[in-house]
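**Q** So the chains spell out like this:
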Amino acid sequence: MRLKRTLPVTILAMAPAAIVLLILASILYGAKNITAGEVWNSITAFNPDNVDHQIIMSSRLPRAVGAMMIGAFLAVSGALMQGMTRNYLASPSIMGVSDGSVFAVTLCMIFLPNANPNLYIVSSLIGSALGAAIVFGLAWCIPQGLSPVRLAILGSIVGTFLSGVAHALSTYFQVSQNISFWYNARLHQMNPELIRLSIPFAIVGLTLAVVISKSISALSLGEEIATGLGIRTWLTRALAILAVVLLTGVSVALAGKIAFVGLIIPHIARFFTGSDYRWVIPVSGVLGGIFLAMCDIVARFINYPFETPVGVVTALIGVPFFLYLIKTRGGAGA
Amino acid sequence: MKHASLRRFWVVAAFGLLLAATAAYLSLTNGTFDMSVMDVIQTLLRIHPQAEHDLVVFEFRLPRIVLGALVGFSLGVAGAIIQGVTRNGLADPGILGINAGAGLAVVLFMFLFQGAVTATGWLGVMLMPMFGVAGGLLATAAIYMFAREQGKLDPQRLILVGIAIASGFGALTMYISLKMNPNDYEMAVVWLAGSLHNANWKFVATMLPWLLLLPLICIRSHVLDLFQLSEESQKSVGMPVEREKNIFLLCSIGLVSASVAVSGSIAFIGLIAPHLARQLVGLRHIRIIPVSGLVGMIMVLTGDFIGKTVFAPAELSVGIVVSIIGVPYFVYLLIRSRG
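Going down the list, the protein sequences come from chains A and B.
Letter 180 of the first sequence, counting from 1, is numbered 180 in this note's numbering, and no numbers are missing.
Letter 12 of the second sequence, counting from 1, is numbered 12 in this note's numbering, and no numbers are missing.
Chain A with its partners taken away, still in its complex shape:
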């Protein structure tokens, strides 16, 4: 028991150092190499006429911070979903949440072309809620709908449907170029303004996740045990879905669809911490942020000096992991 605590505590204690180092690395490496001294200068004595300073402040830093945040949000969402449904494949990208968000943003671009960025975040949130509502609603209606196979199929089918409709609409209203620009958003187009706007939503989502983490642990043992422990399962589920919607919605608004982070990271986190979600959730957050930031750096060098979408990197790492999970766990429950 003693040992089980030390590992997650060590991870959390070392996290700030790792995060600072990764952000620094993320700023230093790229199409234009920047020296560490320049980075220090740009923070202590920012000079708007210096090109390097401009690059650091308006592009590299938002990108590094954005990757961290998105990775953390997706991983926490994944952890919540996996704990809540007891389904080891549950994750934002498989569950149609991201596609719902894409759908809503498409609508927003069509009908409110001159909207301010704030509205994109809001519509992304509404869309995530819609996607989650459809997938979970159907899963509850369908016999054994929450089993890994059925949920995975439902999620991918509903996702196909929502992105198909979005595509049809964007073709019809001839905004598909804007959409595809946004869809395949790469982290290098990170908008500092959007990051600032997303912070309040993210704080609410993360706080919720931490607050309900104990109840999620109970839920992950099964409905009956949770009820026996005096958990209000209905309330816990509702709050967990709310947190997932907030965190995923914000992530998609920031960088489009990035798959597999929410699937893999919670498994790795549980490997380190065991099944107590009071530890799984924060450790997932930290590992998710670090993971995506590293993938982002890798993505810059795969096809140097051209950028590769970070989703390609996460998929190349995620698919073998996904296959490994299926191989070891099969089609049955958690």
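Treat the hints as calculated values from the structure; they're not laboratory data.
Among the hints, a few may not be true.
Result set (DSS-like, lysine-lysine): computed pairs, CA atoms no more than 30 angstroms apart in a straight line [to be verified]:
1) A:Lys327 to A:Lys32
2) B:Lys179 to A:Lys257
3) A:Lys327 to B:Lys202
4) A:Lys32 to B:Lys179
Now the stretches of chain B that chain A is said to cover, found in silico as 3 or more residues with beta-carbon under 8 angstroms [what the hints assert, rightly or not]:
5) 172-185
6) 315-323
Residues on chain A that point at chain B, a partial pick, calculated with CB under 7 angstroms [as the list claims (entries may be wrong)]:
7) Thr10
8) Ala13
9) Ile142
10) Val149
11) Ala152
12) Ile157
13) Phe161
14) Val165
15) His167
16) Tyr172
17) Val312
18) Val319
19) Leu323
Model, not experiment: these values are computed from the prediction.
Positions of the beta carbon are idealized from the N, C-alpha and C atoms, including for glycine.
For chain A, the structure is supplied; the task is to place chain B on it using the hints.
**A** Okay, now just chain B, sitting in the frame of chain A:
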């Protein structure tokens, strides 16, 4: 009794052909360039031929319709086979990742031979389906490798592995397509969404050899009926189960990959057509297979017609139209099914 079900099959088949013909007729007469019915008939029967009408009918609309019909038929048949072999009503070439594998290979082909072999030249047109088949085989091999446990193919695991493989191949396809030059990229993107937009007679010609598989499939279709029995009964009938399974899978991979090579990945046909066919003509595969093909044909022709006219002047690819229509039906299937 047997007689009645046979009659039912012929009624369904005749009605299906009629529907397909109607869809083909609608596509032939409607479009951005309006032609009257008489114009079309006169052009087809070579009465007072006009160069303009000839061009529209023979170079644009007719190949598109014929290709759509062939692709739809192949996808429907392939879906019926895959569902029969795996005994799983949710199996479909798209969900299993066969489309994605074929797609990756074809995009790779476009990328490697850009300029050297134009995709519409004869060599390219003939090579592309071969690449597609190689990709489809690769995907199937990968799925087999991961979905088998102790020599058995677990249908649940098959689908999960398929989803994984499909997203992996999808990511690779995206990576390769981003490295293409802008022209090829545009082509790849349009094509990946599943479109009949580029249909021409050469594509039709590439599809034809693969259709030779159809009689082979029909002759052996009674074996698919045996697959529906339990494993023990199959063994007691004395059937080399694994070998038959492999033959059928190879046939369907061939059909799917050839379709993907000429029209991109059109999802849901292989999933839905066999279900409709089973409802229409019962459980014997000798009847399910042709009817499933017909249903697929009708779906593609109608989907393409809708995509072409409803969204005019923009054009929506048939793949997207079919998936928008297909999803609600699929959800209905899931709700009805048990466990």
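**Q** Take the hints in turn and mark each one as holding or not.
**A** Now for the hints, and whether the structure bears them out:
Simply put, Lys327 (chain A) and Lys32 (chain A) have alpha-carbon atoms about 42 angstroms apart, too far for the 30 angstroms limit, and the pair is violated. With a C-alpha separation of about 20 angstroms, the suggested pair Lys179 (chain B) and Lys257 (chain A) falls inside the 30 angstroms cut-off, and the hint holds. A threshold of 30 angstroms between alpha carbons decides the hint, and for Lys327 (chain A) with Lys202 (chain B) the separation of about 43 angstroms lies outside it, so the pair is violated. For the given pair, Lys32 (chain A) sits about 21 angstroms from Lys179 (chain B) by alpha-carbon distance, which is consistent with the 30 angstroms threshold.
Closer than 8 angstroms: that is the beta-carbon criterion, and the region 172-185 of chain B has 5 residues meeting it against chain A, so the requirement of 3 holds. Evaluation of the coverage hint for the region 315-323 of chain B: fulfilled, as 5 residues show C-beta separations to chain A shorter than 8 angstroms, against a requirement of three. Look at Thr10 (chain A): its Cβ only gets to about 32 angstroms from chain B, farther than 7 angstroms, so that hint breaks. Taking 7 angstroms as the C-beta contact cut-off toward chain B, the hint placing Ala13 (chain A) at the interface is violated, the least distance being around 35 angstroms.
Nearest Cβ of chain B to the Cβ of Ile142 (chain A): about 5 angstroms, under the 7 angstroms cut. The hint holds. Annotation: Val149 (chain A) was flagged as interfacial toward chain B, and the flag holds, the nearest CB pair being 5 angstroms apart, inside 7 angstroms. At a threshold of 7 angstroms, the smallest CB-CB gap from Ala152 (chain A) to chain B is about 6 angstroms, leaving the interface hint in force. The criterion of a C-beta within 7 angstroms of any C-beta in chain B is met by Ile157 (chain A), whose closest approach is roughly 6 angstroms, and the hint holds.
Given hint, Phe161 (chain A) at the interface with chain B, holds; its Cβ is 4 angstroms from that chain's nearest Cβ, closer than 7 angstroms. Because the beta carbon of Val165 (chain A) sits about 6 angstroms from the nearest beta carbon in chain B, less than 7 angstroms, this interface hint is met. The beta carbon of His167 (chain A) is positioned within 7 angstroms of a beta carbon in chain B (closest approach about 5 angstroms), and the interface hint is therefore held. Among the interface hints, the one on Tyr172 (chain A) holds; its C-beta lies about 5 angstroms from the nearest C-beta in chain B, closer than the 7 angstroms criterion.
For Val312 (chain A), the shortest C-beta to C-beta distance to chain B is roughly 5 angstroms, which falls under 7 angstroms, so the interface hint holds. For Val319 (chain A), the interface hint holds, since its Cβ comes within 7 angstroms of a Cβ in chain B; the closest pair sits about 4 angstroms apart. With a cut of 7 angstroms, the hint placing Leu323 (chain A) at the interface with chain B holds, because the nearest CB-to-CB distance is about 5 angstroms.
Violated hints, in rising order: 1, 3, 7, 8; the structure is consistent with all others.
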